[in-house]
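A.B. asks: Below are the chains, spelled out letter by letter.
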Amino acid sequence: EDQVTQSPEALRLQEGESSSLNCSYTVSGLRGLFWYRQDPGKGPEFLFTLYSAGEEKEKERLKATLTKKESFLHITAPKPEDSATYLCAVLQATDSWGKLQFGAGTQVVVTP
Amino acid sequence: KAGVTQTPRYLIKTRGQQVTLSCSPISGHRSVSWYQQTPGQGLQFLFEYFSETQRNKGNFPGRFSGRQFSNSRSEMNVSTLELGDSALYLCASSPGPLGYEQYFGPGTRLTVT
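Residue numbers (the numbering used here), protein chains in the order written: chain A, 1 to 112; chain B, 113 to 225.
Keep in mind that a hint or two might mislead.
Restricting the straight-line Cα-Cα distance to at most 25 Å, the calculated cross-link-like pairs of lysine-lysine (DSS-like) are [to be verified]:
#1 A:K42 / A:K59
#2 A:K42 / B:K169
#3 A:K59 / A:K69
#4 A:K57 / A:K79
#5 A:K42 / A:K68
#6 A:K59 / B:K169
I should point out that these hints are in silico values taken from the structure, not numbers from a laboratory.
Next comes chain A alone, as it looks inside the complex (with noise of 0.2 Å):
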């Protein structure tokens, strides 16, 4: 069954205290992977997107990687405004185009 499993569920952070988020999946035909944060009550907000092993992408303090089974989110010296929840979505081929599937997200707090 294809999935897409997102660890840990929960990750409370010192402000500084760098961290990684990952994102496995078992996906066959992967297309693309996304990264996404959500602030509560917020519809999510484009982060990155990967589409092959080896591929990195960074944005201020956020770093993504991707490997052939799992995408990695580096959180390097976070600030409390890092505070939310990042979403991880596999694009898999399909007949038709393709079918988007979302992880069940990655609750992060960081404290000051």
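Dock chain B against chain A, hints included.
C.D. replies: Frame of chain A, contents of chain B only:
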């Protein structure tokens, strides 16, 4: 550029009724996708429209349907509402078909009583 707008923002309906939600994408975007978000199931893909054609569909019953107009605006309809349809319904627009980065609206909070 204006972001994705969704109307209404909040809605309360009774079991058995039907509901129509509206989404206006970012100007120039031709793809609109719809999602259902609940605490238990997370974010689930409903369907995607690109240039007025449904390109992809998630695993939802036929009670959930949608359409896209020539100006790329989209509507989602849920017929014969059930209590389990209570959720946040999110719309996302993209400059290209599924696979491009998506920009989400604030969502419509639907409560079915």
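A.B. asks: Check whether the Cα positions of K57 (chain A) and K79 (chain A) lie no farther apart than 25 Å.
C.D. replies: It holds: about 19 Å lies between the C-alpha atoms, which stays within 25 Å.
A.B. asks: Going straight from one Cα to the other, do K59 (chain A) and K169 (chain B) come out at no more than 25 Å?
C.D. replies: Violated, because 31 Å separates the two Cα atoms, which is more than 25 Å.
A.B. asks: Is the hinted pair K42 (chain A) and K169 (chain B) satisfied, with a Cα-Cα distance of at most 25 Å?
C.D. replies: Holds, because 24 Å separates the two Cα atoms, which is no more than 25 Å.
A.B. asks: Is K42 (chain A) within 25 Å of K59 (chain A), Cα to Cα?
C.D. replies: Holds, at roughly 21 Å.
A.B. asks: Can you confirm whether the C-alpha distance between K59 (chain A) and K69 (chain A) stays at or below 25 Å?
C.D. replies: The hint holds at about 23 Å.
A.B. asks: Is K42 (chain A) within 25 Å of K68 (chain A), Cα to Cα?
C.D. replies: violated, 31 Å
When the structure is compared with the earlier hints, violations turn up for hints 5, 6 and for no others.
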